[in-house]
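Given the coordinates of chain H, assemble chain X onto it according to the supplied hints.
Residue numbers (the working numbering), protein chains in the order written: chain H, 1248 to 1393; chain X, 113 to 242.
Simulated from the structure, these hints should not be mistaken for laboratory data. All residues carry an ideal CB built from backbone N, CA and C; glycine is no exception. Keep in mind that the hints are not guaranteed to be accurate.
Here are the computed distance ranges between Cβ atoms for each label pair [what the hints assert, rightly or not]:
| no. | chain 1 | residue 1 | chain 2 | residue 2 | range |
| --- | --- | --- | --- | --- | --- |
| 1 | H | F1327 | X | N235 | 24 to 30 Å |
| 2 | H | A1329 | X | E202 | 35 to 41 Å |
| 3 | X | N235 | H | R1297 | 32 to 38 Å |
| 4 | H | D1379 | X | K155 | 43 to 49 Å |
| 5 | X | K126 | H | P1283 | 19 to 25 Å |
| 6 | X | K212 | H | G1346 | 35 to 41 Å |
List time: in silico DSS-like cross-link candidates among lysine-lysine, alpha-carbon distance up to 27 Å [claimed, not checked]:
| no. | chain 1 | residue 1 | chain 2 | residue 2 |
| --- | --- | --- | --- | --- |
| 7 | H | K1268 | X | K189 |
| 8 | X | K155 | H | K1364 |
| 9 | X | K189 | H | K1383 |
Covered stretches of chain H, going by a simulated chain X footprint (3 or more residues, C-beta under 8 Å) [stated by the list, open to error]:
| no. | stretch |
| --- | --- |
| 10 | 1299-1308 |
| 11 | 1331-1339 |
Chain by chain, the residues run as shown.
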Amino acid sequence: MSVKTEAIGKEWPATKYEVGKEKIGEYARVLGIENPVHFDREAAKAAGFRDVVAPPMFAVVYSSPAMAPAMFDAEVGMNFAAMVHGGQEFEWGEPACSGDEITTTAKCVDIAEKDGKGFYIFETNAVNQNGDQVVKGTWTLIVRGV
Amino acid sequence: MADLNVGDAIPELKVTPDKYLTHRYAGASGDFNPIHIDPEFAKAVGLPNSILHGLYMMGLVARANAVLADGDPRALKRLSVQFRGMGAPETEITVSGTVKSVDGDTVIVDTVAAQGDNQTIRNAEAEIQL
Chain H
1248 MSVKTEAIGK EWPATKYEVG KEKIGEYARV LGIENPVHFD REAAKAAGFR
1298 DVVAPPMFAV VYSSPAMAPA MFDAEVGMNF AAMVHGGQEF EWGEPACSGD
1348 EITTTAKCVD IAEKDGKGFY IFETNAVNQN GDQVVKGTWT LIVRGV
Chain X
113 MADLNVGDAI PELKVTPDKY LTHRYAGASG DFNPIHIDPE FAKAVGLPNS
163 ILHGLYMMGL VARANAVLAD GDPRALKRLS VQFRGMGAPE TEITVSGTVK
213 SVDGDTVIVD TVAAQGDNQT IRNAEAEIQL
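Next comes chain H alone, as it looks inside the complex (with noise of 0.2 Å):
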């Protein structure tokens, strides 16, 4: 067996997410995070937000639903019983604060075989309602024995 790359170029609609203050300290919190930026309107205000205003890696909260259709892809099939998270990478830009709309899409930027493995890389691209690129995301997800 091998993969199949004809999904190497493929492009998906876009996604939208509304930012919502809770949602951010929701996160915030999970990860042990106190900057009251994250929590507090007026100590976002103060240090220069629009908002209260999200940690980065908030990025795969609304990245997320982009990537969804294309790992779901039949052109794409992948095997999600073997698949693995292998890399990530963040670029960030303006930050996400609470009330943005961040439209999100995503594309398979390569497909190929190592070593038996199935290698995965696909590009999202965050938007916001200004057209202010918010976050560039890379994701490498790596399927055995393909």
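Same frame as chain H, now just chain X:
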């Protein structure tokens, strides 16, 4: 923290996720993959038990690096990680890092997250703007 030099260690972050952490992280992140929250399912697919979300540990790596900028969420410009060993709940995680380069106000930090000898995240590279 402003005066960082190549080879400096960043302050170590130690966290012990409790038994239910993966459930709270699943709720916070939206990732309800049963390998993280259902020990029976995890064992059925060959894992020792429920495992931590890789992105949770990446979140701790981000938190450890943000400390260099007093927790300012604008400081972290890029973070690239490779997930290796599996992380287990109820086991202490240590995040440690070393300054790899300093260029003006941009610092690159090499970071590792480990549970004992098990490096769950390695080759993590953080770009921080101070």
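Check each numbered hint from earlier against the structure, then list the numbers of those it violates in ascending order.
Hint 2 alone not satisfied by this model.
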